[in-house]
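K.L.:
Letter by letter, the chains look like this.
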Amino acid sequence: MTLDPWVVLDNWPLFLEGAWLTVRIAAAAFVGGLILGTVIAALHSTPVALVRWLVVVYLAVMRGVPFIIILFLVHFGLPFLGLRVPALATGVIALTLFASAYYAEVIRATALALPRGQWESARAIGMSPWEAARYVIGPQILAPAIPPITNYTMTMIKESSVLSAITVGELTYQGLIVQGNTFAPFEVFFAVAGIYWIITAGFARAARLLENRQRGAVPEGITGQGIAARYLSLEAARR
Amino acid sequence: MTFKPDFFLASLGDVLPAALINLQLALLAFLLAVAGGTALTLVRALKIRPVNWVIGVVISFIRGTPLMIQIFLFFYALPAAGIDLGPMTAGVLAIAFNSAVFITEIQRGSLAAIDPGQIEAAIALGLGSRPIWGRVVLPQLFRRILPMLVSEATVVIKGTALLSIITVVEMMRVAQRVGSANFSPFEPMVAAALGFLAINLVLSAAAQRLERRYASQRA
Amino acid sequence: MTHDPPPALRVQGLTLRYGSVRALDELYFDVAPGEVVALVGPSGCGKTSLLRCLTWLQQPTGGLIEIAGAPLGQERLPSGAIRRQSRRHIDRLRHRIGLVFQSLNLWPHLTARENVELPQRVVLGRSRTDARVRADAILDRLRVLELAEKVPGQLSGGQKQRVAIARALAMDPALMLFDEPTSSLDAELIQEVLSVLRGLAESGTTMLVVTHEIGFARHVAHRLLFMDQGRIVADGPPAQVIDHDPHPRVREFFDTVLAFRA
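Protein chains in written order, with numbering that gives the first Met the number 0: chain V, 0 to 238; chain A, 0 to 218; chain Z, 0 to 261.
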């Protein structure tokens with residue numbers, strides 16, 4: 000077998016177009032998923048039992064059913080609601096629903112861990128609720144939420160490849176088109192995989208930068224940098 | 000368009016039996032993944048620089064690319080390299096390979112949580128590295144990662160639905176067939192969704208019971 | 000040449016250096032069979048390093064170790080050259096020394112009995128029945144047989160301590176090493192563990208015990224080694240060293256400890 004790099008290079012506009020669409024779809028589902036996820040997380044703790052029950056069912060369905068089936072359910076189901084939407088919109092809606100379930104779990108877990116005493120002390124010192132959220136609570140809950148959000152977002156970006164099944168012209172779809180034209184699956188799919196790798200790795204890198212910036216908010220352990228550690232090493236040196 | 004309950008019930012009868020195919024494929028892929036992931040963990044523990052570098056790149060590649068593309072690589076690309084696997088074999092191998100990488104990463108995380116003192120105790124008593132892995136480290140490791148292994152099993156089961164795209168006749172594919180034969184694709188798709196949901200709910204309930212039994216047995 | 004049995008432990012010129020720091024500085028001593036030796040010294044004097052070297056968990060920089068006449072880790076060839084033993088060889092000899100860790104390090108996924116059985120079966124090749132009989136006998140002797148089915152997480156500190164002792168004892172070691180066996184225990188448990196050690200001593204078990212318990216050192220040990228800055232600075236009958244040894248570091252240590260108690 001010989002590898003033919005020209006298969007990939009000749010079709011670069013298609014790959015680029017697909018990659019760009021993948022990025023835009025993922026960005027839309029990221030924003031939409033975070034908003035919807037926040038709403039769902041809030042509904043999860045309403046006093047209305049029926050609403051809570053519906054949220055539980057929603058989360059179980061989104062997490063227990065393969066994304067490809069969720070996609071087709073949305074694809075075939077929207078017409079029941081009298082909606083005729085293009086494939087791209089269908090795909091973004093399905094991906095948003097999918098992401099929202101995972102984001103909702105993270106947001107809920109983070110909110111449950113919210114330090115109550117911190118909130119009260121910020122309010123007692125005279126901060127407005129907004130200021131308390133902005134300067135005291137936010138930085139503390141943001142840092143631990145970043146890694147799981149990043150993980151689920153990477154999963155979501157990868158799942159977006161399934162949108163090719165309903166002819167959304169994203170990266171995987173373009174790859175299948177090129178593969179159909181050239182019959183060079185090895186080159187094509189490795190190229191497609193490589194582009195996904197760049198997108199997900201780039202996203203992970205960006206998330207890590209953000210996480211490092213938030214690191215200052217993580218409480219210091221006794222052995223971390225700081226006065227406790229200096230005292231401890233002073234003690235050790237005296238022995 | 001309206002939802003046709005009669006047709007939905009009829010399609011349940013067509014779609015659900017195909018769940019057995021998904022279960023078989025998933026079981027095979029998962030067993031291969033546990034074996035492969037554990038093997039990767041053991042090899043990585045040998046700390047051979049170039050080997051670990053290669054494994055690291057492969058892990059990053061598998062984690063950073065869609066399962067669907069990996070399935071395409073096994074199904075379309077391997078035949079081009081002279082290795083022709085049927086859709087089922089290619090699909091199971093792709094899912095197993097993907098999952099092995101996630102399992103070895105789970106294991107690495109939990110390995111760090113095992114107290115090194117226990118291993119020192121084993122060394123001091125004269126146990127060699129094989130019994131240390133086999134009797135001391137791995138049994139604890141698997142107990143610790145059990146909940147994460149179960150959620151990985153869920154991922155594997157959901158992954159089998161993607162094999163419909165490479166013509167494996169499983170629940171999703173059957174639902175598509177029934178749908179297009181009757182010009183009503185929605186109802187059978189709901190049936191397939193319920194099938195997957197039921198499997199995963201049973202799985203997580205079983206995992207919870209298992210965990211509780213461990214918790215009460217060995218506090 | 001004599002026909003006396005070889006010492007349970009012989010240490011010749013044992014040295015451990017980290018860069019320019021001498022954690023162990025040319026130690027020479029023997030422990031006779033049946034002897035109970037207390038190893039005392041201030042924190043950081045090298046006691047734990049010594050125990051780790053004696054079990055070859057830490058490879059010493061130099062010196063020779065013999066367990067009941069058998070060299071461990073390195074051996075002197077007839078030519079006089081020193082040869083490093085293979086890892087397998089070292090693994091096979093390690094069971095001759097029973098180390099009870101300060102942190103005990105029981106295996107949390109196994110029951111107390113399984114903790115005692117496993118190394119017997121794997122290292123000594125004992126049958127399931129033999130290992131079990133031996134495990135139960137020792138657990139019974141240490142009065143924890145009724146806890147044999149429990150896992151470490153269900154045991155108290157003192158109970159775990161006994162299981163850890165049983166695990167080491169079941170290997171029939173020539174020498175038992177204890178790393179501060181009472182340091183992590185509550186006051187009432189200390190007496191309990193000390194009485195276990197006293198029982199072992201009375202039954203003729205050879206022991207080297209790192210301890211801060213002056214009472215134990217005085218009343219149970221036959222001999223006291225005092226370490227300071229990687230060296231043995233006093234070696235003799237416990238009462239003699241505790242009350243009368245003239246070395247300034249020894250005096251400083253015991254005067255502080257005794258003043259504190261009085």
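Since the hints were made in silico from the structure, they are not lab data. Any given hint could turn out to be false.
[What the hints assert, rightly or not] Looking from chain A toward chain V, a few residues come up when the C-beta cut is under 7 Å (computed):
hint, residue
1, L72
2, V154
3, K157
4, A160
[Stated by the list, open to error] If the Cβ cut is set under 10 Å, some of the chain A residues that face chain V in the computed set are:
hint, residue
5, G35
6, G63
7, P65
8, I164
9, V168
10, M170
11, Q175
A virtual CB, placed ideally from N, CA and C, is assigned to each residue, including glycine.
K.L.:
With reference to the structure, classify each hint as holding or not holding.
P.N.:
Each hint tested on the structure:
Given the 7 Å rule on beta carbons, the hint for L72 of chain A holds: about 5 Å separates it from the nearest Cβ of chain V. A least Cβ separation of about 9 Å between V154 of chain A and chain V goes past the 7 Å threshold, and the interface hint is therefore violated. Interface restraint check: K157 of chain A against chain V, minimum CB-CB distance 4 Å, threshold 7 Å, status holds. Interface hint at A160 of chain A: satisfied, since its Cβ lies 4 Å from the closest Cβ of chain V, which is below the 7 Å cut-off.
With 10 Å as the threshold, the beta carbon of G35 of chain A stays out of range of chain V, its nearest partner Cβ sitting at about 19 Å, so the hint is violated. The beta carbon of G63 of chain A is positioned within 10 Å of a beta carbon in chain V (closest approach about 4 Å), and the interface hint is therefore held. About 4 Å separates the beta-carbon of P65 of chain A from the nearest beta-carbon of chain V, less than 10 Å, and the hint is met. The beta carbon of I164 of chain A is positioned within 10 Å of a beta carbon in chain V (closest approach about 6 Å), and the interface hint is therefore held.
About 15 Å separates the beta-carbon of V168 of chain A from the nearest beta-carbon of chain V, more than 10 Å, and the hint is not met. At its closest, the beta carbon of M170 of chain A sits 9 Å from a beta carbon of chain V; the interface hint therefore holds under the 10 Å criterion. Hint status for Q175 of chain A: holds, given a least beta-carbon distance of 8 Å to chain V, under 10 Å.
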